[in-house]
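Asker: This is what each chain is made of:
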Amino acid sequence: MFEIDKWQEIYSTIRKNKLRTFLTGFSVAWGIFMLILLLGSGSGLENGVKEQFKGGATNGVWISSGKTSIQYKGLKIGRQIKFTNEDYKSIKSTVSGPDHISARLFLGNNLISYKNEYGSFFLSPCHPDYGFIKEVDILQGRFLNNIDINEFRKVAVIGEKVKSSLFKGADSVAMGKYIKINGVLFKVVGIFRDYSRNDDEQKRVYIPISTAQRVFQGENVINQISFTTGNASAGESDLMIKKSKAVLAKMHTFDIEDNRAINVWNKNEEVRKFRALFAGIRLFIWIIGIGTIIAGIVGVSNIMMIVVKERTKEIGIRKSLGATPWSIVALIMQEAIVITSFAGYIGLVLGVGLLELISTKMPPTDFFRNPQADFSVAVMATFLLIIAGAVAGFFPAMKAARVNPVEALRDE
Amino acid sequence: MIKINQIHKSYVTGKNSLHVLKGIDLEIAAGDMISIMGASGSGKSTLLNILGILDSYDSGEYLLNGLRINRLSERKAAQLRNRMLGFVFQSFNLVSFKNAMENVALPLYYQDVPRKKRNLIAMEYLDRMGLKEWALHLPNELSGGQKQRVAIARALIGKPKVILADEPTGALDSATSLEVMDILQEINATGITVIIVTHEHDIALRTRKTIRITDGNITEIVVN
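Chains as they are written, first to last, in this note's numbering: chain A, 111 to 522; chain B, 107 to 330.
Don't read these hints as lab results, they were simulated from the structure.
A virtual CB, placed ideally from N, CA and C, is assigned to each residue, including glycine.
It is possible that part of the hints are untrue.
Unchecked claim - Simulated restraints, written as ranges between beta carbons of each label pair:
1. A:Arg125 with B:Ser146: 56 to 62 Å
2. A:Trp117 with B:Gly137: 39 to 45 Å
3. A:Val408 with B:Asp288: 50 to 56 Å
4. A:Met508 with B:His125: 46 to 52 Å
To be verified - Only pairs whose alpha carbons sit at most 35 Å apart, straight line, appear in this in silico DSBU-like list of lysine-lysine:
5. B:Lys128 with A:Lys423
6. B:Lys182 with A:Lys423
7. B:Lys109 with A:Lys509
8. A:Lys128 with B:Lys223
9. A:Lys352 with A:Lys177
10. A:Lys419 with B:Lys267
11. A:Lys423 with A:Lys509
12. B:Lys238 with A:Lys419
13. A:Lys160 with A:Lys377
14. B:Lys315 with A:Lys116
15. A:Lys271 with A:Lys160
16. B:Lys267 with B:Lys222
17. A:Lys183 with A:Lys360
18. A:Lys160 with A:Lys225
19. A:Lys509 with B:Lys222
20. A:Lys278 with A:Lys471
21. A:Lys128 with B:Lys222
22. A:Lys419 with B:Lys128
23. A:Lys160 with A:Lys202
24. A:Lys128 with B:Lys204
25. B:Lys223 with B:Lys238
26. A:Lys128 with B:Lys238
27. A:Lys419 with B:Lys265
28. A:Lys160 with A:Lys192
29. B:Lys223 with A:Lys126
30. A:Lys128 with A:Lys116
31. A:Lys160 with A:Lys128
32. B:Lys222 with A:Lys419
33. B:Lys267 with B:Lys204
34. A:Lys383 with A:Lys471
35. A:Lys264 with B:Lys182
36. A:Lys290 with A:Lys225
37. A:Lys116 with B:Lys265
38. A:Lys423 with B:Lys238
39. A:Lys264 with A:Lys225
Turn these sequences into a full structure, and let the hints guide you.
Answerer: In structure tokens form, the structure reads like this:
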């Protein structure tokens with residue numbers, strides 16, 4: 111089927127009808143161009159939003175205390191719930207499922223200094239598991255460990271921005287040095303980078319929660335309990351949250367239906383919502399894109415109909431010389447496929463090129479970054495094009511195969 | 107070579123039926139050269155189309171080289187045209203965007219002969235027609251006589267048993283007409299059966315037999 115003669119014939123008919131071929135090809139190229147652009151924009155939007163979710167495992171759950179909003183067992187509304195180490199321990203021991211769990215204490219920004227350099231940084235006392243929950247990337251040293259907690263060690267894991275502000279010039283090695291946090295010396299055991307792009311997240315200092323409670327608080331108060339749900343399904347993680355709520359409701363005597371007594375932020379749920387949203391957007395884009403391509407196909411089909419009409423005499427000659435109906439069908443279909451694929455490919459390349467340009471030249475914004483059409487989309491588009499070409503050529507080819515040689519060869 | 111018995115053919119357009127061939131009997135021996143004459147509308151072109159398996163007939167029998175030709179599939183008909191028959195037309199019917207050589211080679215394309223080989227063979231046939239220098243010219247760069255010679259070369263390249271020529275000199279001046287008839291006679295001398303539809307007497311006189319058709323019947327067979 112793909113013999114050099116047919117290529118030559120396609121080339122010669124295309125050469126004879128440059129404008130017509132161009133206009134036909136243009137509609138297909140435009141269709142594919144728009145599809146790629148739409149899909150790329152969709153992915154850009156998706157990447158932008160995904161970026162917002164970075165810095166924290168997508169299966170993370172954060173539970174903070176609040177104030178009651180429902181009367182319960184004679185207790186008045188507006189009562190402040192205060193978490194303690196006991197809450198952390200009972201959730202850890204009674205709720206099955208979470209693979210990492212940590213309590214947190216909120217101490218806000220604190221003055222932290224090293225020699226003559228100082229700054230105000232966010233102090234975040236926590237358990238070692240918080241490193242997994244927050245997905246911090248350790249650049250040097252280590253994150254906190256259980257020995258730190260058990261022995262109330264004065265150790266700190268500092269963000270790379272903290273490191274660069276406190277350790278400068280000749281004194282740029284931070285590991286093993288002692289920094290002063292509110293007048294108390296802590297040894298730097300690790301330097302991290304947070305996945306989040308947010309600058310504030312890099313200006314944190316993690317210290318053992320046990321040490322912080324002893325040194326800064328003097329009691330067993332905690333502010334937040336967070337855990338990751340491992341590979342649990344949506345239903346399973348909802349169950350873990352429900353069980354944790356029940357544990358806390360019992361310990362602090364509040365109505366389990368009271369959504370203000372404790373605040374639960376289930377990242378997985380947010381991620382799920384966005385996934386559903388983007389699945390919807392993607393479907394919408396494909397529908398529009400395919401609609402555009404169909405318009406192109408109809409264009410090609412139309413032109414091929416005219417081509418067949420113009421070539422009726424030639425088809426008659428071929429038939430008289432021994433062309434089978436199939437060979438005529440192949441001739442027309444191949445031309446349609448070639449025009450569609452070639453033009454579509456140009457549209458594909460231009461679309462991808464424009465996306466690349468946007469990707470490299472346009473600074474990413476909060477909700478739009480790195481638009482791209484991935485390889486699978488390109489492969490899909492290619493198949494779509496070949497199928498489109500075949501569809502576009504089918505009816506004209508059938509018409510061509512039915513040409514009656516007697517009528518085609520009759521002299522006008 | 108060709109034997110037809112009681113061939114009938116009608117064209118039906120809406121409610122009107124036009125009875126074009128009214129029971130034609132004809133036998134043409136292998137290697138014969140005959141002409142078919144008749145007024146326009148007499149049915150001579152229809153007869154030629156049926157002989158060329160381009161058209162079907164309603165009743166009767168047609169044997170081509172002993173093979174019964176009746177209600178063949180398009181594919182089979184195409185193969186028979188390719189292997190057995192060669193056509194020469196009044197308006198040449200060359201493919202306009204192909205050069206002389208490619209036009210001549212076209213029947214071999216449908217025999218799946220490789221490109222280089224069939225172009226080589228096409229050059230031989232063009233050479234025989236004295237058109238070797240014109241091989242790479244497009245049809246619109248050739249004179250009428252040259253075009254018809256290209257068409258004859260194309261008809262011959264498939265080594266047909268029968269050449270069917272529909273008014274082969276109709277679009278040519280008398281000098282060129284004579285040349286074309288010379289060629290057709292040479293072809294006939296190699297043993298190929300030649301059938302020419304014409305309305306010119308001096309053309310008909312150069313064939314061995316002239317069959318005259320009037321109103322769908324053979325009315326006269328003259329041996330020239």
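Asker: Evaluate each hint against the coordinates.
Answerer: Evaluation of the provided hints:
no.	hint	result
1	A:Arg125 with B:Ser146: 56 to 62 Å	39 Å, violated
2	A:Trp117 with B:Gly137: 39 to 45 Å	41 Å, holds
3	A:Val408 with B:Asp288: 50 to 56 Å	54 Å, holds
4	A:Met508 with B:His125: 46 to 52 Å	32 Å, violated
5	B:Lys128 with A:Lys423	29 Å, holds
6	B:Lys182 with A:Lys423	21 Å, holds
7	B:Lys109 with A:Lys509	34 Å, holds
8	A:Lys128 with B:Lys223	32 Å, holds
9	A:Lys352 with A:Lys177	18 Å, holds
10	A:Lys419 with B:Lys267	32 Å, holds
11	A:Lys423 with A:Lys509	13 Å, holds
12	B:Lys238 with A:Lys419	33 Å, holds
13	A:Lys160 with A:Lys377	12 Å, holds
14	B:Lys315 with A:Lys116	43 Å, violated
15	A:Lys271 with A:Lys160	23 Å, holds
16	B:Lys267 with B:Lys222	25 Å, holds
17	A:Lys183 with A:Lys360	12 Å, holds
18	A:Lys160 with A:Lys225	40 Å, violated
19	A:Lys509 with B:Lys222	32 Å, holds
20	A:Lys278 with A:Lys471	33 Å, holds
21	A:Lys128 with B:Lys222	29 Å, holds
22	A:Lys419 with B:Lys128	34 Å, holds
23	A:Lys160 with A:Lys202	30 Å, holds
24	A:Lys128 with B:Lys204	18 Å, holds
25	B:Lys223 with B:Lys238	16 Å, holds
26	A:Lys128 with B:Lys238	32 Å, holds
27	A:Lys419 with B:Lys265	31 Å, holds
28	A:Lys160 with A:Lys192	33 Å, holds
29	B:Lys223 with A:Lys126	27 Å, holds
30	A:Lys128 with A:Lys116	18 Å, holds
31	A:Lys160 with A:Lys128	46 Å, violated
32	B:Lys222 with A:Lys419	31 Å, holds
33	B:Lys267 with B:Lys204	26 Å, holds
34	A:Lys383 with A:Lys471	31 Å, holds
35	A:Lys264 with B:Lys182	95 Å, violated
36	A:Lys290 with A:Lys225	9 Å, holds
37	A:Lys116 with B:Lys265	24 Å, holds
38	A:Lys423 with B:Lys238	27 Å, holds
39	A:Lys264 with A:Lys225	18 Å, holds
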